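Those protein sequence lines, which keep their order, are chains A and B. The numbering of the first sequence is the numbering used here, which starts it at 91 and goes up by one. The numbering of the second sequence is the numbering used here, which starts it at 91 and goes up by one.
The reader is advised that the hints may include incorrect statements.
[Stated by the list, open to error] Derived coverage of chain B by chain A (criterion: at least 3 residues anywhere in the stretch with Cβ under 8 Å from a Cβ of chain A; other residues may be distant):
| hint | region |
| --- | --- |
| 1 | 236-244 |
| 2 | 256-264 |
| 3 | 289-295 |
| 4 | 303-313 |
The hints are simulated quantities; they were obtained by calculation from the structure and are not laboratory data. Since the model is a prediction, treat every value here as computed from it, not as a measurement. Glycine is no exception: its CB is placed at the ideal position from the N, C-alpha and C atoms.
Number of protein chains: 2
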Amino acid sequence: MTFDDEKERLRRSWVANASAWTEVVREGRIESRRVATDAAIIDVVTSLRPGKVLDLGCGEGWLARALSSAGMEVWGVDASVPLVEAARGLGGGTFVAASYEQLAAGAVELPEAFDVAVANFAILEEDVSAMFTAALRLVRPDGALVIQTVHPAFAGDGPYVSGWRTETFAAFPGEWPESMPWYFRTLSDWVAVLGTHGWRLADVREPVDPRNGRALSILFICRRG
Amino acid sequence: MTFDDEKERLRRSWVANASAWTEVVREGRIESRRVATDAAIIDVVTSLRPGKVLDLGCGEGWLARALSSAGMEVWGVDASVPLVEAARGLGGGTFVAASYEQLAAGAVELPEAFDVAVANFAILEEDVSAMFTAALRLVRPDGALVIQTVHPAFAGDGPYVSGWRTETFAAFPGEWPESMPWYFRTLSDWVAVLGTHGWRLADVREPVDPRNGRALSILFICRRG
C-alpha cells in the first residue's frame, strides 16, 4: 500500500460515505460528539471572538451552521462534492468544494484574512503541508488555527506510533460503502508537524468524558510560529 | 488536607527517603528509567549542545554526572540536603542545597546564563511559579528549559483531571519511610502553566516502552514565550 493509495482511498471514502455521514451527524448519532467534542470546538472558536471563520474540511456543515448562528461569517471548504452539496442544502455559510492542495495553491476564490481557521476532525492525511500552507495563506497574521482531533494517547490499544489506521465505521449506524484510511499521529509528531509548517502550539484543550474520566479528543490552538 | 500540607509532606519525603532513593537510582532498579527515560533526557539535552547546564531537582546527581561525562559544565540544585550530600559524594558537578523559591529569589549564588535548565521528574508541586521563575532568571534568553515528567495520558486509570496523587513506592525495592504526594497535571494544564509562567512549548518527545508500545514519559522542550 503506497502513500498515494491511502490518500486516494481516503478521498474516495468521503464521497462514497457522504450520505451515511450526513445522516449520523445530523441525527446526533456519534456519542462522543454529542457528550463533549461538538461543544468543545464551538467553545474554543467562540472564545477567540472571530468575525470571519474558515471551516477546513467542513463536511455536511454542522459546525459552520453553529458558528453562523452565533453571529460569525463562515466559509466552509471540503473536498467531497456530495458533502458540500449537503452543506449548501441547509445553508449557514458559504460552501466551496476544493482540496487543501487547491486552497494552498490559491486556486480557489475565497476571502483572505480569516480570523480563525478551524479543522474539526478533518486532518486525516499523512502529508499535512497543503492544509497548513492553506491556513497560513488565508488566516491573518495574528489569527489562529484551531484543530480538534483524536486524542493521541486515548486512541486505543495499538502501539503508540504514528501511522495509517483504518476506520471501518462498524460502530456507526447506517450503511458505509467504504472504510476510511486515516493517519494516526502521536502528540510529539503533532507538535513537530505544526512547527515544521509555520505554526506553534499556543494552547491545548482535552474534553473529558464525564462518564469515565477519559479524554475524548484534543484541541490544539495554534498561532504562527 | 491543605495545599501547604502537601507541599511540606513532599519536601519531607525527599529527606526521609533520600537513602532509599539514592540506592534504587544508583543500582538501576527503576525499570522505566533503565529502558527509556534516562536515555531520553540525556539525548534531548545533548542535542541542544549546551556548554553549561542547570539540573533543577538533581537528586543524588546521576544526570549531572552523565552530562558532565559528556563534556558539559553542570550545576545541580536540590532542596533535599541528604540528596545533595550524596551527589557531592560522587562529584560530576557542583551541587547546591536550595529550594526553587530560594533560586527564584536570587538567594543562592549561582552562575547565570545557563544554556539549558533541566528538570527530570523534578516538578512535583502544584505551584510551579518558583521553578519557572528560577529558570527564567538563570537561563540565557535563547536557552531552553527541558522537562521530563510522567506522561499525562499514560499515568494510570484514574480520571483525567489534574490533582494531587500519592506515590507509596510499593513497587520499588528497599525501605521507604514516607509516601510522597505529587501533583498530576493533564497535558492541557502543562501547556497552560508553561504559558502563564513565561515559557512556551517548542517540542515534545515521548519515549516508548519497546515491550508494550506505551509512552513511558513525556519531555517538553520549552523556549521563552
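Hints, one by one, checked against the model:
For a cut-off of 8 Å, the count of residues in the region 236-244 of chain B with a CB near a CB of chain A stands at 4, and the three-residue condition holds. Only residues whose beta carbon comes within less than 8 Å of a beta carbon in chain A count, and the region 256-264 of chain B has 0; fewer than three means the coverage is violated. Only residues whose beta carbon comes within less than 8 Å of a beta carbon in chain A count, and the region 289-295 of chain B has 6; three or more means the coverage holds. Using a Cβ-Cβ cut-off of 8 Å, 4 residues of the region 303-313 of chain B lie near chain A, which meets the minimum of three, so the contact claim holds.
The structure is inconsistent with hint 2 alone, although it conforms to all the rest.
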